[in-house]
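Chains G and W supply the protein sequences, listed in that same order. Residues in the first sequence are numbered consecutively from 1052, following the working numbering. Residues in the second sequence are numbered consecutively from 42, following the working numbering.
Hints should not be assumed to be uniformly reliable.
The calculated BS3-like cross-link candidates involving lysine-lysine, where the alpha carbons are at most 25 Å apart (straight line), are [as the list claims (entries may be wrong)]:
#	chain 1	residue 1	chain 2	residue 2
1	W	K98	W	K112
2	W	K55	W	K112
3	G	K1105	G	K1147
4	W	K98	W	K50
5	W	K112	G	K1147
6	W	K98	G	K1147
In short, the hints are calculated from the structure, not lab data.
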Amino acid sequence: GIQVEQSPPDLILQEGANSTLRCNFSDSVNNLQWFHQNPWGQLINLFYIPSGTKQNGRLSATTVATERYRLLYISSSQTTDSGVYFCAATSGGYNKLIFGAGTRLAVHP
Amino acid sequence: NAGVTQTPKFQVLKTGQSMTLQCAQDMNHNSMYWYRQDPGMGLRLIYYSASEGTTDKGEVPNGYNVSRLNKREFSLRLESAAPSQTSVYFCASSDHEAQPQHFGDGTRLSIL
Chain G
1052 GIQVEQSPPD LILQEGANST LRCNFSDSVN NLQWFHQNPW GQLINLFYIP
1102 SGTKQNGRLS ATTVATERYR LLYISSSQTT DSGVYFCAAT SGGYNKLIFG
1152 AGTRLAVHP
Chain W
42 NAGVTQTPKF QVLKTGQSMT LQCAQDMNHN SMYWYRQDPG MGLRLIYYSA
92 SEGTTDKGEV PNGYNVSRLN KREFSLRLES AAPSQTSVYF CASSDHEAQP
142 QHFGDGTRLS IL
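Build the full structure now, drawing on both the sequences and the hints.
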């Protein structure tokens, strides 16, 4: 199966800063999902993004069809953005999500 | 709508005890999944059910069994708990395979 690597593993920001999270793959992927795990452990689906670019408020997710990586942009970060961001992808005929290890984000006031 | 509901939220077991984790979804989804999350790692798929009446192994199925009781409910059973199964267990559902997955709040399980 594919390998999913996320970078950076840890990120510390001041409130108001922008950031880019990256998700690398060992092979081409069919679709990608981004999740946010809040400090209470709840997992929220941020984006389901088979292709193109999606935006949801201050967050946006992009795909580059010929590249084996995906990006998540967070603009004007807030303390409530803190937590762990996971990307997960399917590849080939295997329709089950493979998760990366996550990027742990801490936003300080 | 409650979404995906998991019970219990916390549980402590002794090695060798058995236990069933319950999961129910009210979104009329076809596919359901059980994952485990260990410290510093992403989620790993234990078992899944692509549709009512079917179940299949994921990445880490050893030591677990599942039952898709009906379209709403998907349970995970530990027949003889081991300390290596200490983890946080998440249930998820999606309309179909490879569609957006929605997660329950997790069950924190400790095995002594």
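Hints versus structure:
| no. | hint | verdict |
| --- | --- | --- |
| 1 | K98(W) / K112(W) | holds (18 Å) |
| 2 | K55(W) / K112(W) | violated (32 Å) |
| 3 | K1105(G) / K1147(G) | holds (22 Å) |
| 4 | K98(W) / K50(W) | holds (24 Å) |
| 5 | K112(W) / K1147(G) | holds (19 Å) |
| 6 | K98(W) / K1147(G) | holds (11 Å) |
Hint 2 from the list above is the single one not met by this structure.
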